[in-house]
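Enquirer: Sequence:
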Amino acid sequence: MNPSVHTPIIKSLLDTDLYKFTMLQVVLHQFPQTHSVYEFRCRNAEMPYPLSDIQEDFERELDALCRLRFTEDELAYLRGLRFIKSDFVDYLELFQLQRRFVHVGSDDKGRLNIRIEGPMIQAMFFEIFILAIVNELYFRRLETPEILKEGERRLQIKAARLKEIAATQNPNDPPFLVSDFGTRRRYNRSWQEHVVRTLHQAAPDIFRGTSNVYLAKQLGIFPIGTMAHEFLQAFQALDVRLRNFQKAALEAWVHEYRGDLGIALTDVVGIDAFLRDFDLYFAKLFDGLRHDSGDPYTWGDKAHAHYQKLKIDSRTKMLTFSDGLDLDKSWALHQYFKDRFKTSFGIGTNLTNDVGHTPLNIVLKLVECNGQSVAKLSDSPGKTMTNNSTFLAYLRQVFEVTDPGQSE
Numbered sequence: 001m002n003p004s005v006h007t008p009i010i011k012s013l014l015d016t017d018l019y020k021f022t023m024l025q026v027v028l029h030q031f032p033q034t035h036s037v038y039e040f041r042c043r044n045a046e047m048p049y050p051l052s053d054i055q056e057d058f059e060r061e062l063d064a065l066c067r068l069r070f071t072e073d074e075l076a077y078l079r080g081l082r083f084i085k086s087d088f089v090d091y092l093e094l095f096q097l098q099r100r101f102v103h104v105g106s107d108d109k110g111r112l113n114i115r116i117e118g119p120m121i122q123a124m125f126f127e128i129f130i131l132a133i134v135n136e137l138y139f140r141r142l143e144t145p146e147i148l149k150e151g152e153r154r155l156q157i158k159a160a161r162l163k164e165i166a167a168t169q170n171p172n173d174p175p176f177l178v179s180d181f182g183t184r185r186r187y188n189r190s191w192q193e194h195v196v197r198t199l200h201q202a203a204p205d206i207f208r209g210t211s212n213v214y215l216a217k218q219l220g221i222f223p224i225g226t227m228a229h230e231f232l233q234a235f236q237a238l239d240v241r242l243r244n245f246q247k248a249a250l251e252a253w254v255h256e257y258r259g260d261l262g263i264a265l266t267d268v269v270g271i272d273a274f275l276r277d278f279d280l281y282f283a284k285l286f287d288g289l290r291h292d293s294g295d296p297y298t299w300g301d302k303a304h305a306h307y308q309k310l311k312i313d314s315r316t317k318m319l320t321f322s323d324g325l326d327l328d329k330s331w332a333l334h335q336y337f338k339d340r341f342k343t344s345f346g347i348g349t350n351l352t353n354d355v356g357h358t359p360l361n362i363v364l365k366l367v368e369c370n371g372q373s374v375a376k377l378s379d380s381p382g383k384t385m386t387n388n389s390t391f392l393a394y395l396r397q398v399f400e401v402t403d404p405g406q407s408e
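The opening residue of the sequence shown carries number 1 in the UniProt record's numbering; numbering runs sequentially from there.
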């Protein structure tokens, strides 16, 4: 293909998840000199063709991504978000991703190897773009008219289900709120927009938001997101005792946002270890919790018991669920918890890559910070990730996590 007529997959630096901006703002303000390493993994055991086949196209897309700058219109949109500070937008006005921080290769097993190494204020921002590019390039070779027809059939079933739920909701119950969390594993960019537009039009009181900032801006809906695992993991390598890293991360968040963006992520070292750190101070300061691994019912029951122990009315708090959901799982969770909590649901792959193909299970995770290993001890063992089994064992010991999980 002639590069001069190449249309890049990523056309805007807003085409990423909101929490990249919210986390990056804290990094810039509180630990801007932090160095980080991210590594790519594909967990699919069998695939129609190896990811190494897309390496050349991927590198061309990466080059195009690193030529992008924020436009005046995009910067104005960010300035309009209450929790984004003016000096951060001034920084973004000068911002450009640097290609030299991303190292790409492949091996004799057909695996695509991607490693990002550089300042966190650069490296952190690559993740969603890279995952979306890999997905789109991969599925582009598998696309057929039949696949798009099947995707549309499934989408219309979801739209009808949302309308059905909207018609049967009890107006006295807390609202059932659903958002798109599917940028990183989307079938392609235009399909994600079609899905979000279709479902928002079907039930605007239920389907209110998206994690994708570009789509939120284009469609006039809420951008959704707070923090991801990498934010808390970074504090494992910053200047605090390892045992105190969760408290330090939550404190930094509170210091930055002063009451905004108050949903805390619980599963960097598991829900039990998280709740031991989530004392009355944090429980009052944060609006709620986000679930991203483990059994969601057990997790929510533990959260409820914790708020009860602290004598906090859990009905004033929000539980956000975001792990492997579809509409029916979300509705069932809402029904189970609606008398004890407000709830919201972020649905990813089942919305943006439900067309008949097996989705890619790919991640790009923080594995080192300031020359030191970091890790996630997920409530789902298969989601545990590190490049250092010794550090993982030490982290388990410090936080009394007995299940050894499954490190990758």
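Just so you know, these hints were derived from the structure itself, not from any lab. If you're wondering where the values come from, they're calculated on a predicted model, not measured in any experiment. Please note: incorrect hints may appear among the correct ones.
To be verified - With a Cα cut of at most 30 Å, we get these calculated DSSO-like pairs of lysine-lysine:
1) Lys-163 x Lys-329
2) Lys-329 x Lys-309
3) Lys-247 x Lys-85
4) Lys-342 x Lys-217
5) Lys-11 x Lys-217
6) Lys-149 x Lys-217
7) Lys-109 x Lys-85
8) Lys-149 x Lys-163
9) Lys-163 x Lys-109
10) Lys-342 x Lys-309
11) Lys-309 x Lys-284
12) Lys-149 x Lys-247
13) Lys-85 x Lys-309
14) Lys-247 x Lys-338
15) Lys-302 x Lys-217
16) Lys-149 x Lys-109
17) Lys-149 x Lys-342
18) Lys-247 x Lys-163
19) Lys-342 x Lys-284
20) Lys-311 x Lys-342
21) Lys-247 x Lys-311
Enquirer: None of the hints should be skipped; say for each whether it holds.
Expert: Going down the list of hints, with the structure as the test:
For the given pair, Lys-163 sits about 16 Å from Lys-329 by alpha-carbon distance, which is consistent with the 30 Å threshold. Taking the CA atoms of Lys-329 and Lys-309, the gap is near 28 Å; set against the 30 Å cutoff, the hint holds. The suggested pairing of Lys-247 with Lys-85 holds, with an alpha-carbon distance near 24 Å, which does not exceed 30 Å. Between Lys-342 and Lys-217, the direct Cα distance comes to roughly 26 Å. Compliance with the 30 Å bound is thereby established for this hinted pair.
Distance restraint check for Lys-11 and Lys-217: the Cα-Cα separation of roughly 14 Å lies within the 30 Å cut-off, and the hinted pair is therefore satisfied. In summary, the hint linking Lys-149 to Lys-217 is supported, as the alpha carbons are separated by about 28 Å, within the 30 Å threshold. Among the hinted pairs, Lys-109 with Lys-85 is inconsistent with the structure: their alpha-carbon atoms are about 46 Å apart, more than 30 Å. A C-alpha spacing of about 21 Å is found between Lys-149 and Lys-163, which places the hinted pair at or below 30 Å, so the restraint holds.
Between Lys-163 and Lys-109 the alpha-carbon distance is near 46 Å, which puts this suggested pair outside the 30 Å criterion. The straight-line distance between the Cα atoms of Lys-342 and Lys-309 is roughly 19 Å, inside the 30 Å bound, and the hint therefore holds. For the suggested pair Lys-309 and Lys-284, the alpha carbons sit about 13 Å apart, so the restraint of at most 30 Å is met. Among the hinted pairs, Lys-149 with Lys-247 is inconsistent with the structure: their alpha-carbon atoms are about 48 Å apart, more than 30 Å.
Restraint check for Lys-85 and Lys-309: not satisfied, since their Cα atoms lie roughly 36 Å apart, outside the 30 Å limit. Among the hinted pairs, Lys-247 with Lys-338 is consistent with the structure: their alpha-carbon atoms are about 29 Å apart, no more than 30 Å. Proximity of Lys-302 to Lys-217 is assessed by CA-CA distance (about 36 Å); at most 30 Å being required, the pair is judged violated. Straight-line distance between C-alpha atoms of Lys-149 and Lys-109 comes to about 33 Å, which puts the hinted pair past the 30 Å bound.
Between the alpha carbons of Lys-149 and Lys-342 the distance comes to roughly 36 Å, so the proposed pair goes past 30 Å and is violated. Taken as a hint, the Lys-247 and Lys-163 pair is broken in the structure, with Cα atoms around 42 Å apart against an allowance of 30 Å. As the CA atoms of Lys-342 and Lys-284 are separated by approximately 15 Å, the hinted pair is consistent with the 30 Å bound. Taking the CA atoms of Lys-311 and Lys-342, the gap is near 17 Å; set against the 30 Å cutoff, the hint holds.
Distance check on the hinted pair: Lys-247 and Lys-311 sit about 21 Å apart at the alpha-carbon level, within 30 Å; holds.
Of the hints listed earlier, those the structure fails to meet are numbers 7, 9, 12, 13, 15, 16, 17, 18, in rising order.
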